[in-house]
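We have chain A already, so just place chain B on it with the hints.
If you want the building blocks of each chain, they are given just below.
Number of protein chains: 2
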Amino acid sequence: MGTRDRILDAAEQAIHEFGIAGATTKRIAQQAACSEALLYKHFGNKEEIVLAVLLERSPALGPALAKLRRSVGQGDPAANLVEFTGKALEFYTRAAAVAGGVLGDPPLMAGFRAMLAKADLGPHLPIQALAEILRAEQQAGRVEAGLDADAAASLLMGACFHRANLTHFVDLPDDDATWSATIVRTLLRR
Amino acid sequence: MGTRDRILDAAEQAIHEFGIAGATTKRIAQQAACSEALLYKHFGNKEEIVLAVLLERSPALGPALAKLRRSVGQGDPAANLVEFTGKALEFYTRAAAVAGGVLGDPPLMAGFRAMLAKADLGPHLPIQALAEILRAEQQAGRVEAGLDADAAASLLMGACFHRANLTHFVDLPDDDATWSATIVRTLLRR
Chain A
1 MGTRDRILDA
11 AEQAIHEFGI
21 AGATTKRIAQ
31 QAACSEALLY
41 KHFGNKEEIV
51 LAVLLERSPA
61 LGPALAKLRR
71 SVGQGDPAAN
81 LVEFTGKALE
91 FYTRAAAVAG
101 GVLGDPPLMA
111 GFRAMLAKAD
121 LGPHLPIQAL
131 AEILRAEQQA
141 GRVEAGLDAD
151 AAASLLMGAC
161 FHRANLTHFV
171 DLPDDDATWS
181 ATIVRTLLRR
Chain B
1 MGTRDRILDA
11 AEQAIHEFGI
21 AGATTKRIAQ
31 QAACSEALLY
41 KHFGNKEEIV
51 LAVLLERSPA
61 LGPALAKLRR
71 SVGQGDPAAN
81 LVEFTGKALE
91 FYTRAAAVAG
101 GVLGDPPLMA
111 GFRAMLAKAD
121 LGPHLPIQAL
131 AEILRAEQQA
141 GRVEAGLDAD
151 AAASLLMGAC
161 FHRANLTHFV
171 DLPDDDATWS
181 ATIVRTLLRR
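Listed in order, the protein sequences are those of chains A and B.
Under the UniProt record's numbering, the first sequence has 60 at position 60, and the numbering climbs by one with no breaks.
Under the UniProt record's numbering, the second sequence has 60 at position 60, and the numbering climbs by one with no breaks.
Since the hints were derived computationally from the structure, they do not count as laboratory data.
Check each hint, because a few of them may be wrong.
To be verified - Reference excerpt, derived from the structure (chain A facing chain B, CB under 7 Å, subset only): (1) G19; (2) V82; (3) A97; (4) L103; (5) G104; (6) S154; (7) G158; (8) H162; (9) F169; (10) V170; (11) D176.
Stated by the list, open to error - Anything over 12 Å on all C-beta distances counts as not near chain B; from chain A, calculated: (12) G2; (13) A52; (14) G73; (15) A79; (16) A164.
Unchecked claim - So the derived label-pair ranges between C-beta atoms look like this: (17) A:G44 / B:E17: 22 to 30 Å; (18) B:A119 / A:T24: 32 to 40 Å; (19) A:R94 / B:R94: 21 to 29 Å; (20) A:P107 / B:E144: 44 to 52 Å.
Computed from a predicted model, the values in this text were never measured in an experiment.
Backbone N, C-alpha and C fix where the C-beta goes; we use that ideal spot for every residue, glycine too.
With the rest of the complex left out, here is chain A:
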């Protein structure tokens, strides 16, 4: 395993254990068995490490979106969306603590926000990707033509993101599978 991967493993572990604020570059380097100088050869700053953990170490939302896109015109559109909803819940549940930690750390957040803007990245992009897929299903006549695809995508991704956060704070009474099916049925009126 290369140094970069060792650093990301160590960072992921340190964030999980100590939170973003407690996952210092010193601690990450120590855990990765490398010097801080070597760590800084691979990553310009802590923000970059955190972004790499979010992009490379989360169960991927990108593949789930790609699968949903490939399913346009195939199978039952509601069932496809329910499957995607489950994946989105998993992704956000795992990403929540890292994203929350960034948000709760004003100095880190400022750097992170600037980095996202420069790289044209951001947590709003999955909503746009989902809206595109819903529009494709509308063109295929499989989703109600009058539905506002952008608003529907905001509602669905938002519900997943919120629920993922809630599960960290409280035990929810209903199970994810039942919830996902009801959410999609309510959104699509099916």
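Frame of chain A; chain B shown alone:
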């Protein structure tokens, strides 16, 4: 101003400036011009201070829900919901950094979760309150009877919570008022 209020002011300011992890009880006590011993006479631990900041210092979601409840059967139900959506966005935007900071701090989070469970509190309760209001509007014949009120409440609160978080990370292209109106119209199909 009493000591308790001074401590909460100081805590709010310290969290805003240094994040949850950086807002130590030492720093809060210093800023409130009281001893740490006196701080601990008012609050058992840092979790309790954070909960009090969230419950007492956020622009209130409770009053917005109460107002929406009072409006059942009166005016246009969609317009009432759009107004509530704006308030929910404000609330979550302000609460996001504190909630994120708790979520991103595993030791603090464990204590916070236990405290919520004991007090029977939690960030899922506004969804239940909104669902009750939607059911009341359904009984009054003002919202589509077939709509699943719980799912609709999850979708609306989730979209607000998500958008509030997104605004911390990126500049969103659309304005809040337009977004709120479209979200409610899409959810209610009006």
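>> Of all the hints numbered above, which does this structure not satisfy? Sort the numbers upward.
In response: Violated hints: 2, 11 and 16; rest satisfied.
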